[in-house]
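Participant: Please construct the entire structure, taking both the sequences and the accompanying hints into account.
Take a look at the letters that make up each chain.
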Amino acid sequence: MTEDWQNAGFGLYVHWPFCQSLCPYCDFNSYVAASIDQRQWEEAYVREIKRLAAETGPRVLSTVFFGGGTPSLMAPETVHAILDAVRTAWPMANDAEITLEANPGSVEAGRFRGYREAGVNRVSMGVQALNDEDLKRLGRLHGVAEARAAFDVARSTFDRVSFDLIYARQHQTVDQWAAELREALSMAIDHLSLYQLTIEQGTAFGDRYDAGRLRGLPPEDDAAEMYERTQEICAAAGMPAYEISNHARPGAESRHNLLYWRYGDYAGIGPGAHGRLTLNGRRFATETHLQPGKWLDAQRSTGSGESLREEISPADQAVEYLLMGLRISEGISLERLHALDPNALNINKYNDLIYSGLIEAAGRQLRVTGKGRPLLNAILRELLSED
Amino acid sequence: MTDLAKIRNFSIVAHIDHGKSTLADRLIQETGTVQDRDMKEQLLDAMDIERERGITIKANTVRIDYVADDGEAYVLNLIDTPGHVDFAYEVSRSMQAVEGSLLVVDSTQGVEAQTLANVYQAIEADHEIVPVLNKIDLPASDCDRVAEQIEDVIGIDASDAIHVSAKTGVGIHETLEAIVNRLPAPKGDRDAPLKAMLVDSWYDAYLGVIVLVRIVDGVLKKGDRIRMMSTNAVYPVERIGVFRPAMQVIDELGPGEIGFLTASIKQVRDTRVGDTITHEKKGCEKPLPGFKPAQPVVFCGLFPVDNAEFEDLRTAIEKLSLNDASFSSEMETSAALGFGFRCGFLGLLHLEVIRDRLEREYGIELITTAPSVVYHVHMRDGEVRELHNPADMPDLTHVDHIEEPRIKATILVPDEYLGDVLKLCQDRRGIQLDLTYAGSRAMVVYDLPLNEVVFDFYDRLKSVTKGYASFDYQMIGYREDHLVKMQILVNEEPVDALSVMVHRDRAETRGRAMVEKLKELIPRHMFKIPIQAAVGGRVVARETLSAMRKDVTAKCYGGDATRKRKLLDKQKAGKKKMRQFGKVEIPQQAFISALKMDD
Ligand SMILES: Nc1nc2c(ncn2[C@@H]2O[C@H](COP(=O)(O)OP(=O)(O)O)[C@@H](O)[C@H]2O)c(=O)[nH]1
Ligand SMILES: C[S@@+](CC[C@H](N)C(=O)[O-])C[C@H]1O[C@@H](n2cnc3c(N)ncnc32)[C@H](O)[C@@H]1O
Ligand code: SF4
Ligand SMILES: [Mg+2]
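Chains as they are written, first to last, in the numbering used here: chain A, 709 to 1095; chain B, 43 to 641.
The reader is advised that the hints may include incorrect statements.
Just so you have them, the derived chain A footprint on chain B, three or more residues with Cβ under 8 Å [unchecked claim]: (1) 402 to 410; (2) 583 to 595.
Using 30 Å as the maximum straight-line C-alpha spacing, the simulated BS3-like pairs for lysine-lysine come out as follows [stated by the list, open to error]: (3) Lys229/B / Lys328/B; (4) Lys1057/A / Lys570/B; (5) Lys504/B / Lys570/B; (6) Lys1057/A / Lys328/B; (7) Lys559/B / Lys1057/A; (8) Lys606/B / Lys1057/A.
No lab work stands behind these hints: they were computed from the structure.
The structure displayed is predicted, hence computed values, not measured ones.
Using N, Cα and C, we set each Cβ at its ideal position, and we do this for glycine too.
Facilitator: Pasting the structure below:
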């Protein structure tokens, strides 16, 4: 009964906060460290798993995701120890998906076999671009050839391999992106993540942008066109978008990410990891200390890396459900939304949006249409507006 | 009471930034009127806004005791007047209360338009004028050139102008001596019935209305029963005093003296500036000539961004008008903006000052609608209506003709920018009245419609002349012209708050500029939005704001749903700063920015 919160399942997110170097666009919780004592980290993660398992009880775990930072900097032994602890802590679904984010360098590729032996069955690689000059601009340490080689190692090691690209990059034209995307599709197996470059505050790109020195970003109309072309090209290649930025052959979707978007339950461990957990019928948001040192110290001295645990009211759950759920093409269940908060939606705006063909309701599912998808933020503002 | 022969009353006239406030500070300091430890910059600029913007808004007075080189003790009364054109009226009435002026000219700059406007008022008031050349500490100071210019342009003797640095204190002693020796003592008769001029009045939270007076004849004492000659209202005097510059209570005020009284007067509106005050019994026969009250010339709507703050706005406006009789207000409702007030001001600076105070001192966020001047609408049946708001324009079939207010503008500008200035005035429907030279600078005088000036003329002038022009104006009356009401339609719906009166020949240009501006100011929506300017149902300009194409967060932040919620809250807060017109949201600053012309 408890194992399957609102049918969306239960997963575990493990955050590894270290990278070889920091990319100028990235605002994920990542750090460069001179040396990492992987034993200490391994032990802290294992204790966190035990702590959470004691709270959740024996729920069936359907996914595990190692994200970062750069989890492919983890020693295979570390991953192995963590996954052993996971398997002891929770009963695992037979078809459990265990993903690890990997940077496509040659050193990383050397560890792939070890990860597989530890239990990892899916990797997601940060290829980012298919030309060397742009990879340099993005501050990446790998070139295209190296990334392709790492990808080949990955596909011969794992059944499921996905990779990420960032587009709408500096000086990129719509046609250039379309060509790059076709090339990516010819490499891809069954899953691709295609992210438009987002300029984040507090990153090197963010600072340059604010100073007016980040040149050549495509204008809004070009970026919009790139998005549209992406949808067309991928759909034609049999990998339609199942989420704003994620494409898969039907059935090959990332189950862990679907869990987030279906607003299921997930435990989050490691610095800066978020969780959403149902405990004794109440739903909680959890956060952990951001700083790796602080997290490790807190974990060791208090037995928990958590920095915040807050009950989420049903009305706030409704908002979160919408924010997450409208990102995926299947949309949300109006029944489930209604049960959380019958007044979550602004009915006038809802009707307007249906009338304009930006959203649609079918079979008690509410979804954003293809036309509405690039306007999702604006749609959410309307749906959730008070007047 | 002070012997008439030992009193000197004076004002300081200057263009903005030529050093009037600094000089006043030095005079106060040099005479020990204020202890050094109490000295703060710009003592007389009392309000925060005055100090921040470096402008004087209301007249202020200070009484200075000075023992001159001749060994005698003198009383010097300084009235500090505002320099900005919006408050020219305050200047003119303060001038009536004193006998002389220091004409302060920045010796690095020379004579400017406000110097001229203000000095002419001093000449009109029969003042003795002492030229003061300030900022001689600066390397660019050129006293000979500036003295010559004063003689050429203003036509007064500047051979014994005083050379001063209000910054370092050089020449301050000489200035004090000149006040004593070159300015005349006031005249007056101690034994005649009381005759006092009401120079200004303002509201004080503790003392009620404070009345600034200049005694002409007779003596005013505490406990006297006084009569306002224009209204015949009688009040018992509670307090009499002077400013040093803090209030100091004294027993009586005699002829030639300047000071204040309080008399349980409830509202500033119960006092009429320029009125004559006398005793209830045995009063004087003939009042002083008096002045006509200042009339608001610019009107605009002020609406709270948050409709729930309407009552707060009402209270705040009432409080502000307690102190400012020239600021008028009347409730207004707008289909789109809800409840607010139609307010009248002496000019745009006055408008901005009041709006700033409402926002800052009372914490109310405001939407300001397009400022408008007052038109005289002559109806076919002979009735003349004052039009303060273009939205109230009567049906044209009943209108015979419309008159608009005109001004005489004086602009001083270095030769190289003259062409641009002439073009600007011409574009704004100006009629050239005069063009002469003052040294290396041209002085142009134009007859201009106030509605072309009110909004951004001064900004445009500053930008085309890189800040080197100076500008001043006075109202010269009403004239008929081909004026029409232009409406702005956003998504096919008229937005009353954006309606403006324009000259028929300018409608297309103004309309084009406005719709182009609005296209930039209104954020893209999920649908395309036509923006049109129309005169009497005919579209004169049109732009289309294309639909938003992309607004989506590409990246997934993993399980960080909190971050997504915060992002949404931020976006929603941005939405609050908008006003809904049909299905379109217009940002509040658009109502003012749409009118700024970049021509
Ligand atoms: N160097 C120098 N600066 C001065 C002098 N008198 C005033 N200033 C500066 O000129 C600016 C304008 O002075 P202010 O007294 O506010 O002018 P107002 O607008 O006429 O009241 C201020 O920055 C003063 O510090 C002076 O004699 N020498
Ligand atoms: C946790 S990150 C990176 C994982 C791994 N460290 C890497 O760099 O390959 C997941 C993905 O988010 C995307 N990403 C990160 N920052 C981005 C940004 N500012 N704009 C768009 N996509 C971004 C990248 O494609 C990246 O692979
Ligand atoms: S993009 Fe990946 S490698 Fe680069 S800083 Fe972010 S997490 Fe690290
Ligand atoms: Mg000043």
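Participant: Taking the hints in turn, state whether each one holds.
Facilitator: Hints, verified against the model:
| no. | hint | verdict |
| --- | --- | --- |
| 1 | 402 to 410 | violated (count 0) |
| 2 | 583 to 595 | holds (count 6) |
| 3 | Lys229/B / Lys328/B | holds, 17 Å |
| 4 | Lys1057/A / Lys570/B | holds, 17 Å |
| 5 | Lys504/B / Lys570/B | violated, 37 Å |
| 6 | Lys1057/A / Lys328/B | violated, 71 Å |
| 7 | Lys559/B / Lys1057/A | holds, 28 Å |
| 8 | Lys606/B / Lys1057/A | holds, 21 Å |
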